[in-house]
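Peer 1: Generate coordinates for the entire structure from the input sequences, incorporating the hints supplied.
Taken in order, these protein sequences are the chains called A and B.
Per this note's numbering, the very first residue in the first sequence carries number 16; after that it's consecutive.
Per this note's numbering, the very first residue in the second sequence carries number 146; after that it's consecutive.
Worth flagging that the hints you see were computed from the coordinates, not collected in a lab.
Here a beta-carbon is modelled for each residue, glycine too, at the ideal position from N, C-alpha and C.
Each statement offered as a hint is correct.
27 Å max Cα-Cα, derived DSSO-like pairs, lysine-lysine:
(1) Lys274/B <-> Lys47/A
(2) Lys94/A <-> Lys274/B
(3) Lys274/B <-> Lys50/A
Chain B stretches covered by chain A per the calculated footprint, using a threshold of three residues with CB under 8 Å from any CB of chain A:
(4) 357-369
(5) 376-382
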Amino acid sequence: MRMPTTELAERSVMAGDGATMVDVSGLNVGFKNAKGLVRAVNGVDLQLKRGEVLALLGESGSGKSVTLRALIRLNPEHKSIVSGRIVVAGTDVTTLAPEAMQDFRGGVASMIFQDPGLALDPVYRVGDQIAETVMRHKKVSRQEARKRALELFERVRIPSPERRLDAYPHELSGGMRQRAMIALSLSCDPQVLLADEPTTALDATVQIQILLLLRELQRDLGLTVIFVTHDIGVAVEVADRIAVMYAGRIVETGPVAEVIRGARHPYTLGLLATRAHGGRLQGRRLRTIPGNPPDLASLPPGCPFAPRCSSVEARCREIEPPLVELGPAHRMRCVLGT
Amino acid sequence: MLVYILLRLLYTIPIALGVTVFVFALIHLSGDPMSAIVAPDATAEMVEQLKKSYGFDQPLPIQYLLWLTKALQGDFGNSIVNSRPVLDTLLAAVPNTLMLAGVATLIGFAFGCILGGLAGYYQGGIVDKIATGFGIAGVSIPHYWLGMVLVIIFAVELRWLPATGMGAGGSDAWQWDWEHIRFLILPAVTLSVIPCGIITRTVRSTVAEILNQEFVQALRAKGLWHGQVMRHVARNAAPTVLAVMGLQLGYLLGGSILVETVFNWPGTGYLLNDAIFRRDVPMLQGTILLLAMFFVALNLIVDIVQTWVDPRMRRS
Ligand SMILES: Nc1ncnc2c1ncn2[C@@H]1O[C@H](COP(=O)(O)OP(=O)(O)OP(=O)(O)O)[C@@H](O)[C@H]1O
Ligand SMILES: [Mg+2]
Chain A
16 MRMPTTELAE
26 RSVMAGDGAT
36 MVDVSGLNVG
46 FKNAKGLVRA
56 VNGVDLQLKR
66 GEVLALLGES
76 GSGKSVTLRA
86 LIRLNPEHKS
96 IVSGRIVVAG
106 TDVTTLAPEA
116 MQDFRGGVAS
126 MIFQDPGLAL
136 DPVYRVGDQI
146 AETVMRHKKV
156 SRQEARKRAL
166 ELFERVRIPS
176 PERRLDAYPH
186 ELSGGMRQRA
196 MIALSLSCDP
206 QVLLADEPTT
216 ALDATVQIQI
226 LLLLRELQRD
236 LGLTVIFVTH
246 DIGVAVEVAD
256 RIAVMYAGRI
266 VETGPVAEVI
276 RGARHPYTLG
286 LLATRAHGGR
296 LQGRRLRTIP
306 GNPPDLASLP
316 PGCPFAPRCS
326 SVEARCREIE
336 PPLVELGPAH
346 RMRCVLGT
Chain B
146 MLVYILLRLL
156 YTIPIALGVT
166 VFVFALIHLS
176 GDPMSAIVAP
186 DATAEMVEQL
196 KKSYGFDQPL
206 PIQYLLWLTK
216 ALQGDFGNSI
226 VNSRPVLDTL
236 LAAVPNTLML
246 AGVATLIGFA
256 FGCILGGLAG
266 YYQGGIVDKI
276 ATGFGIAGVS
286 IPHYWLGMVL
296 VIIFAVELRW
306 LPATGMGAGG
316 SDAWQWDWEH
326 IRFLILPAVT
336 LSVIPCGIIT
346 RTVRSTVAEI
356 LNQEFVQALR
366 AKGLWHGQVM
376 RHVARNAAPT
386 VLAVMGLQLG
396 YLLGGSILVE
406 TVFNWPGTGY
416 LLNDAIFRRD
426 VPMLQGTILL
436 LAMFFVALNL
446 IVDIVQTWVD
456 PRMRRS
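Peer 2: As structure tokens, then:
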């Protein structure tokens, strides 16, 4: 899963001109429960231009999925408190009426889930699940929708696509299911694709195929993609930029090459340390940093990473870490830069 | 799929045979069947004679085989009480029980789905608490008692509905018009309370479980309308709910004894009650056997339908 560094640099230059497709700032998401408020996302800022790919990286529970779901308002509405600015493809998601929101989901921004075995309806044929989506968003007949599904199956290179359209999810292999899920998510020509760990549940070899397919589709269709992953190797493979999340904040963000070579935040450095051993990252979870993430229901004052940080100072436990510019598009939240 | 059905059918044969042995044994272990027939002052010869005529003089296994071969040919013997063939009496009663149990199951199914669906959807909310309370009440209230309460309210006090029977002409003159359906309402509602409670609980937990699955979120993420998402949920819940409903129908077919007795409903349960009190052994055997076979058959049908409805089970 390693890439020659020259190609790395090339890619970060290539993408990223054009309109702003994702504009999130000051995003907070909390979940109400019996104990109080679980602060899953705390002041996240994300800006993506058309055709850009951002990898959202972080440990389990750091709020990656919640951030992604907030972009299409998929977090349970009565249980969660969301604030901040969320503009996707020029639409203010926070003020959209419910019906307009339903048009928006799948039509403008769509989502790929981690485990296609869980994300597809087990009792419907996959072809019907795609056709249903097409008919929902475009005024087409059932036949045309089926035709579109077939086209998509060919596009994601599912072998013998006609036959596979009539298969139930359990009759497909994991890789094929994820291809079907990708076909489904692209069925209504979305502009923004939200991919929540789309390869984590797959075998290593299949993982690479799916990554290559996603990258190809992204380029051909000019998709703007937020790609959630645990795996730095994967992030390097697919993304132009990386944003590292910890306890619901983005602690460091920048072009892939800069973050890989010139990371400054202790948490990012910790993640990268996993890369040092043998260089193979494939499928390995980022668990090398000692300690556990903080309890999101009672976050300590100051930097949430302080208890686990090897460069911790006294002021880390008192003040919110400031935003530090490390380069033109490279920023981190840490007192070290000041 | 076909192989599965065939296997399932084969598998049913030993179960059915087991049931016949059980039914036969039950009757013979529960006391001497002769005691009901023989007059207290009968001579020993008369007793022997009677025993012979009913086949009670043979060893039990032989009696069983004789009884089974006859039963397989539809001959359940003659009633000890009125000497008419048991089968004729049964055939007259079965449609009445089927009708009562069927309607009760449908009522239970309809209300159970609505209540359970709402409870599962608004899990933890006030609707959930009401529906769950209703479900528990449905399962725990003795239904003959409820039947009597309903009779007192709707038949005696309000005089809206008849208290007992099937109408003026009995079961032969039954028609699906208001004059007759009036008689069906109270017993059917009474009988429906238990399946209603059970189906409510099943639907509630099934719906709640499905709503927690990731694919529901994926359905919302692709922009489906709320109604469309709910259709997916219903499709996913269907196999479980249909299975429970089928089994409830099975229970009601055999379990309507008290309700049929309370409402004087001329079905198999009524027959059974009568046969028990008169120790009419052939009648008892025939009725229990038939009801048990109904249950076995329903289980078979439920299994097959469930397999057919759920694509995940089709191949295994
Ligand atoms: N619907 C919800 N209700 C309550 N808490 C939630 C809900 N969804 C997420 N959370 C909480 O928000 C926090 C962040 O969860 P999130 O799923 O975003 O993590 P993640 O970074 O995607 O982790 P993973 O890598 O395991 O997927 C977790 O503590 C989780 O328990
Ligand atoms: Mg996640």
